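Trainee: Chains as they are written, first to last, in our numbering: chain A, 1061 to 1792; chain B, 542 to 791.
In case anyone wonders, no lab produced these hints; they're calculated from the structure. These figures come from a predicted structure and were not determined experimentally. Among the hints, a few may not be true.
Rough simulated footprint, nothing fancy, chain B against chain A, three-plus residues with beta-carbon under 8 angstroms [what the hints assert, rightly or not]:
#: 1; stretch: 1689-1703
#: 2; stretch: 1717-1731
From chain B, some residues computed to sit far from chain A (all C-beta separations above 10 angstroms) [what the hints assert, rightly or not]:
#: 3; residue: N590
#: 4; residue: N630
#: 5; residue: A643
#: 6; residue: R645
#: 7; residue: Y648
#: 8; residue: A662
#: 9; residue: V677
#: 10; residue: Q727
#: 11; residue: K734
#: 12; residue: Y753
#: 13; residue: F779
#: 14; residue: I782
Yeah, the Cβ is synthetic: ideal placement off N, Cα and C, and Gly gets one too.
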Amino acid sequence: MAEPRRSRRRLYIVLGIVTAIVIYGLAVERTGVSLDEITSESRQTQLVRIIRALARPELVTYDFENANTDVEFFIPCQEDGNDRPTTTDGVTVTPGCGEPEQIVTVQGSRFEPFAEGRIQFIPDSEFEVTLPMGLFQADGNGHFSLDLELPDRPSNNPQIIRVQVPQRLGTWTNREEVWTDTNENGVIDAGILIEGGLEVTVEGVHVDTPAAALLDATAQVAEFVTTGDPIIAVDGPARGLTTDPIGESHSEITITELTVQTTSILIRIEGPEGTDISRWRVAIYEGTTGEVIGTSFLGDQIELSPRVSEQTKLTTEKIIDTVFLALLATTIGLSVALPLSFIAARNLMKDVSTTVIGLGLGLLAIPAGVALGAAYISLQRLILGDLINQNLVRFILVALGGLATFLLVRQIFLGSETRSTLVRTARALASMIAVSLALEGLFALLTQGGNALSEAFGVFDFVPGLFATIGEVGTVLLPFLTGLIGASIVLGLASRTAFWLNIHERAGLRAVTGFVVMALGGAVVGILIGAAIGWLYQIANPLATFVVPAIFGTLFGLFIAERGRRRGEIKIGLTVYYIARTIFNTLRSIEPLVMVIVFVVWVGFGEFAGALALALHTAASLAKLYSEQVESISEGPMEAVRATGATRLQTIIYAVVPQIVPPYISFTMYRWDINVRMSTILGFAGGGGIGFLLQQNIQLGDYRAASVQMLAIAIVVASMDYTSSKLRERFV
Amino acid sequence: MLQVEHLTKVYENGTVALEDVSFTLPDGQFMAVIGLSGSGKSTLLRCINRLVEPTEGRILWHGIDVTAAGQEELRRIRRRIGMVFQHFNLVNRSKVSTNVLAGRLGYTNPALSMLNHFEQADRDKAMKVLDRVELVEKSDSLASELSGGQQQRVGIARALMQDPEIMLADEPVASLDPVLAHSIMQHLESINKDDGVTVLCSLHFLDLVHRYSNRAIALFDGKLVYDGLPADIDDERFKDIYGHEAERIG
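Just chain A, with the same shape it has in the complex:
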C-alpha cells in the first residue's frame, strides 16, 4: 500500500526537477544571458566610462584656463644632425627633431596627478593653426609618456609641440570672476565688441514693441532706434528724440537687432571690433508711448567660477514639478478612491439586496435621472445665456442660490423624517435647481476673478490661478453633478414606488409588474450598451446597435426577474462589488507609464498628462487597498450599531470609519511614496517631470548630466520614504 505511493511521489519529484530545469533553461535562453557580452573589452570600457560619469554628477560648472607647455621642434632635422631630445618645463620630446610622419615619444612630468590634457602641433604658418596629435592622462605621479606621429609639415623654422592642460578656474572658497567667451576667441564677450556683434540680454522686461536708446560712457545718446513706427521719447535719457528705424542708423556703434523674448529683450550691438563698451548703457523704451522702462549696463555680464550648473538648476526645477505632480495625482486618486472603496468591500455589499421591482425601476430611473439633470443644466444655461457674463447676475445667483440651498438643506437635515413622497421629491428637485444656480454663478465668478487677479498677484499669480482653474473645472463638471443629483432623486422616487408596489400589489400582480419593469430596464441597459458599442466601433447600423441589444436586454431582464422571483430578492450589492473589483483590477494592471501615452494624446505632453495617468492608477489601487481594509475590519461593532436601528450609512460612519482611518492614512502615505517614485519616470513616456530630462540626457549620452537627475531622484525618494514611514508610525 505504502510502496506504490512512495514511488509515485518519487516520480513526481523527478518530474518536478525536470520541469524546473526546462523552464529555467528556456528563461535563460529567452533572456539572452550572454557572458561574451559581459566580458567583451569594448563593452567594459564603455561601462567604466559611464559608471565614472555617473559617479561625477555635473552639479557645478567650472570655467577652464589652458596651461600650455611649448617645446620647439624641427621638421625635418637641421644640417648639424643634432637630434638630441629637447626639454622644456618638464616636457621632453625624443628625438629632438624628425622627419614628417615619424614617430616621436613625448614624455611629461611634474603635472598634477591624473591630469588630463592634449598634445597639439603648432606649425609654422601665417594663420593660427593647431593640429591635434593626441590625448593623455598623467599617472598618479604626474608622469605620462606617449608615442605620437609627426604631421607632414616640413619647415626650416622652428615649430612647436604644445602640451595643453585645461585647468579649472576658482574653488568654492575662492570663486573667480570669468568673462563669458561664447565664440572661444579668447576675447571677453561682455563689454568688448567682437566680430558679429555683441549680444546683450536685458532681463525682467516685457514690452510688445520695444525701442532702445544706446548711451555711451558719458551718458550721451549714441542712437535711438525702434522696430515699430517712429516715436518721440517722452522721458528718460532720450527725451525729445525721435527714433530711427533699426539698422538704418549711421552711428559707428549701432544696435542691429532688438528681439522680444518672454521676460527679456535681446539686443545685438555691432561696431569696430575690440571697442570697450562695458560702461555703455542701453535704455529700453515702450515703443508706442515713448516711456522709458529701464536702463542696463552692457558690461555687467560677469560670471563666477565655479558656479551651480545649468543642469542642476533645471533639475531642481523639474524635481519640484515632479513632487507636485505626485501630490496632485495622489489627491485626485484619493478623493475618487475614498467613496468607491466602500462599494468594493464585500462585507458591506453582500447584504445589499433589492426586489425585482426595485431593480427594474432602478435601471429605468438612473438613465432617466441623469437625463433629467443634464436636460436641466442645458435649460439653465440656455435661459441664463449671456447674462452669466455679468458680475451682478453672478453675485445674485450665488447669493440667492446659496440661501435657497442653505434653507433646503436645513429642511432636509432638521425636518421631520416622515413626509409624503411628493414633498420629498419636490424638495430634492428644488435643491438641485438651487445648488446648480449657485454653483454656476460661483464657478463663473471664480474663473473671472482668478484671471483678473492674476496680474495683481505678480509672482504669486498661481494663487488666483488655482481659483480660476477650480472655476473652469467646476463649470465643465457641473452637468455631471446635476446628472448625479437627478439620478439620485429619480432613484429615490423609484425605490419608494417599488416599496409601495411590493406591499400593496397581490403576489400575482407583483410578479407581472416585476417582469414588465425588468424587461423595460433590461432593454434600456441593452440600448445604452449598444449605443456605446456603436460609437466605439463606428457601427451605423440601427439593427445591430439598437434592436438586437434591446431584445437581448429584455430577455436578460426577464431572466433576472424570473430568478429574483424564485429567490425573493436580488443580491444587487454583490453584482456592484464584482463590477467595481473588475474595473479596479483592470485599471491597476495597466502601468501608469502606458496610461500616460493615452493622456498625452488627450491633453498634450507634460506634467498634466502624467498627473492624470498617475491619478487614475492611484484611484484604482487605493480603492482596492482601502476596500480590503474595510473587508478586514471586525464585524462586531457593525453588528452592534446595526442592532440599534441605525441606517446603513450611519453604520458605516459609526462602526466602519473609525476602524479604517489609521490604515487609510497609512495607505495614502504609502501611495504618495509610490507616486513620487513613479512620477520620476513618467517623463520617459511624455508625462513631464524629471523623467523627461533624464531620458533626454541618456539619449544624448550625457551621463554626467543624467547623474544629476538620478541623484535628485534618489534624494527625493529617500527623504519621502523616510518621512512617510515616520508619519505612518505615528498613525498606526
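Given the coordinates of chain A, assemble chain B onto it according to the supplied hints.
Mentor: Chain B only, in chain A's frame:
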C-alpha cells in the same frame, strides 16, 4: 409580548441552526437561553432583531410581524430592542461617549448624525447611563483602553440609550471572569427589575441561570428541548440539554 412561532434558520452552507422553535416571552420576564456552543442560542437572539434573517417562521412583537417588516419599519423595531454581545462589540478606536451615543442612532436624523451631531438631550442621557454603569469618568477614554468588565458596561450603556423594551444579551459574561460576571448580571437584573425591561439572555453557567432568571429555555442542535423554570432542570434534563457525556458541576 414576544411570540416566536416555528422559527427555522438554515444558513447558506446548509447548516440548520434553528429548527421549528416556538415560545412566548411575556413582558417583564428574565428568560435565560441555555445550550451547548453551536446549539443555536446566538442565532435565535439575532433572528429576533433580524441581524440574521430567519428562513421560516414568524416573530411577533406586540403583535407586529418583525419578520415581514420593511427596512424603515425594521429600524423602528430595532431601536426598541437593546442588545449586548459576548465580545462587547464596541468600536475600539472611538471614545466611550461616542460608543454610548451610537445607541441613539435609530432615533437621530440620519443626515445630522453624519456630522457627528447629537442633540443635547441625547448627550445628557449618555452621561446619565454612563453614571448608572459607573463609568462617567471614562467617557473621554478610547473604548480600547478599558478593561473587559468596563467594556461590557459600556455595551450595556449603549443598549440603555435605546430606551429598550426588551434586552437581548448574547452570552454577556462568557468573556469575563466570574467576579465581573456577577457585576454585569446585576446590571441586567436591575434593568429587568427596576426598569421593567424584558430580558432574553443566553448563558453558559447554570448557577447564573438559577441565580438571575425566572424562566429558562434550552436548545439542543437547534431544537427547543426545554421550556420551564430554572429550578426544574434535574440531572436527566441536564443530560438532554448538554448531551449524555456531560458532567454536572456546581
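Trainee: For every hint, state whether the structure bears it out.
Mentor: To see whether the hints hold, each was checked on the structure:
| no. | hint | result |
| --- | --- | --- |
| 1 | 1689-1703 | holds (count 7) |
| 2 | 1717-1731 | holds (count 4) |
| 3 | N590 | violated (6 angstroms) |
| 4 | N630 | violated (4 angstroms) |
| 5 | A643 | violated (5 angstroms) |
| 6 | R645 | violated (8 angstroms) |
| 7 | Y648 | violated (8 angstroms) |
| 8 | A662 | holds (15 angstroms) |
| 9 | V677 | holds (21 angstroms) |
| 10 | Q727 | holds (22 angstroms) |
| 11 | K734 | holds (23 angstroms) |
| 12 | Y753 | holds (22 angstroms) |
| 13 | F779 | holds (31 angstroms) |
| 14 | I782 | holds (27 angstroms) |
Comparing the model with each earlier hint shows violations of hints 3, 4, 5, 6 and 7; every other hint is respected.
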